[in-house]
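Participant: The lines below spell out each chain.
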Amino acid sequence: MANQKLAMVIDAPTCLDCKGCLAACKVANNVPDGKWRNWIKGADPERRASSPVVFQPGNCMQCDKPTCVEACPTGATYKNQADGTVVINRTLCIGCGQCLAACPYGARFKNTDLGVADKCDFCAERRKFGLEPACVSTCPTKSRKFGDLNDANSEVAKLLKANRAVRVANEQTRTDPNIYYLGEPGPTNWTVQARMPEAFDFWRRLADPVVKAVVGLSGLGVLAMLGKQLAMPKDAPPADGGAHEEAGHE
Amino acid sequence: MNKRMILRHTKGGIFIHWFNAACWFILLFTGLGLIQNPQLQPLGQWYPNALRAVFGGGGLLIIHLAVAVTWLLVWLVFIIANWSSHVVPFLAQVFTLKPGRDMEWMIKKNLQMTLGYKAMAFFMKPLGLGAKIPDQEYYNAGQKVAAQVMLLGALVLAVTGAIMLRGKYFMTAPLADIAWVQWAITIHYIAAGVTFGILLVHIFMAAIAKEERPAFWSMFSGEVPEEYARHHHKLWYDEVAIKTSDQ
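Which chain is which? The protein sequence lines are A and B, in order. Each residue of the first sequence is one higher than the one before, starting from 17 at the first, in the working numbering. Each residue of the second sequence is one higher than the one before, starting from 77 at the first, in the working numbering.
Wrong hints could be hidden among the right ones.
With a Cα cut of at most 27 Å, we get these calculated DSS-like pairs of lysine-lysine [stated by the list, open to error]: (1) B:K79 with A:K228; (2) A:K244 with B:K244; (3) A:K250 with B:K185; (4) B:K185 with B:K79; (5) B:K194 with A:K244; (6) A:K35 with A:K158; (7) B:K79 with B:K208; (8) A:K250 with B:K79; (9) A:K51 with B:K194; (10) A:K244 with B:K87; (11) B:K244 with A:K42; (12) A:K250 with B:K194; (13) B:K87 with B:K319; (14) A:K95 with A:K177.
Simulated DEER-style distance windows between Cβ atoms [as the list claims (entries may be wrong)]: (15) A:E214 with B:L149: 42 to 48 Å; (16) B:G134 with A:N169: 34 to 40 Å; (17) B:G120 with A:P48: 35 to 41 Å.
If you're looking for bench data, these hints aren't it; they were derived computationally from the structure. The beta-carbon is built from N, C-alpha and C at its ideal position, and this holds for glycine as well.
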């Protein structure tokens, strides 16, 4: 089977801000109190005065260049090559939260019940049973649409072909998101930039070379001693050497 | 040659040494396998990939944590049980440096071990120093410095490891102190790296260096030949010799 590229196409003008998608997601994924895997952004206040109110529903954008994956030390967060989603292996996640800051969309949170990072995975559990993500199924106006962009016959592929679509992204952080908006979804310039935690930057820029240098120097020292031992097997103190040295000692 | 043996390590000391060695070996190899990020993994991605193929990613983390907790608990029991008999004397020995003598030993011994006695004597001549390597106590200066670094490294590894463990399983205040966890990871890596650097020298000295071979065997039998003690740890030997002649 060819690899999928799962994506959402959101028809922004049809969103009513009913928050059905938020509730459905919470139930389907057992999301802890006070946390959300998806959201609906309010309309741009300037536009609110002059034009019909438009909302911007969203969730993890399953980016093609995910900054969260870049920030994960253990490889618990990775891009699933089979379907294009960005997923978390909970058994490997150490809950360090570096991916949280690294996601410009704030799509991740720490699931304190489980001690791991958590986020939208396009309802992997439901997809196993052939169901669509909960937010898509529940949307009363069918504002959220879901499918495989690599399949030319999918609804999402056809919609993108027939319409002008935009993505919401930050100028500095080009993560190549996989959520497309139809209509005018409000501001498309996402203001939050991906941020790598200081400790992570310190590790890759300074700690990594320093540790390599320490281990390298130590290794060189050991090699030098080994070389000397092999080259001078009979090395002994000079005759006038140590006062307590005894003749015949090797 | 006199083959009289002198007691150097107790059974408890031998146990904790090999227990610690086994734990560190497992912790180093699993810990390194937990890093799977091309920007951070010093050996390349093949290493974590290979380990995960055998143990599974989650299995690796569980082994690392289980061994780490066991290591810490056994050490705590050992430290409490042997506080005055082993721990205090050990700390007193390894943290007592005699700067002049130990510096001279460091320079001479390093030159001798890498270039030989002749070259060492040659370099020492213009400095007005003889070729004699200063006498050492129970631990020589190199062992003392190695012990200090490894002690500090172990302490930092235990503390940062505990912070990470708490961060994953016991952190209820959401994200309030997550920067602690992130710095703990980075510092854990640095401490492991520096400790490993020292460990390389330690393992070479014990298992490969010919001169120290009796010390290696003493980590099993507990005893070193009298001749070895007199040659390598003269000050300790003199002390022991006086004690035994007193009896």
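Participant: Now tell me if each hint is right for this structure.
Facilitator: Evaluation of the provided hints:
{"no.": "1", "hint": "B:K79 with A:K228", "in the structure": "violated, 44 Å"}
{"no.": "2", "hint": "A:K244 with B:K244", "in the structure": "violated, 48 Å"}
{"no.": "3", "hint": "A:K250 with B:K185", "in the structure": "holds, 16 Å"}
{"no.": "4", "hint": "B:K185 with B:K79", "in the structure": "holds, 26 Å"}
{"no.": "5", "hint": "B:K194 with A:K244", "in the structure": "holds, 12 Å"}
{"no.": "6", "hint": "A:K35 with A:K158", "in the structure": "holds, 13 Å"}
{"no.": "7", "hint": "B:K79 with B:K208", "in the structure": "holds, 25 Å"}
{"no.": "8", "hint": "A:K250 with B:K79", "in the structure": "holds, 22 Å"}
{"no.": "9", "hint": "A:K51 with B:K194", "in the structure": "violated, 72 Å"}
{"no.": "10", "hint": "A:K244 with B:K87", "in the structure": "violated, 34 Å"}
{"no.": "11", "hint": "B:K244 with A:K42", "in the structure": "holds, 22 Å"}
{"no.": "12", "hint": "A:K250 with B:K194", "in the structure": "holds, 12 Å"}
{"no.": "13", "hint": "B:K87 with B:K319", "in the structure": "holds, 21 Å"}
{"no.": "14", "hint": "A:K95 with A:K177", "in the structure": "holds, 25 Å"}
{"no.": "15", "hint": "A:E214 with B:L149: 42 to 48 Å", "in the structure": "violated, 33 Å"}
{"no.": "16", "hint": "B:G134 with A:N169: 34 to 40 Å", "in the structure": "holds, 38 Å"}
{"no.": "17", "hint": "B:G120 with A:P48: 35 to 41 Å", "in the structure": "holds, 37 Å"}
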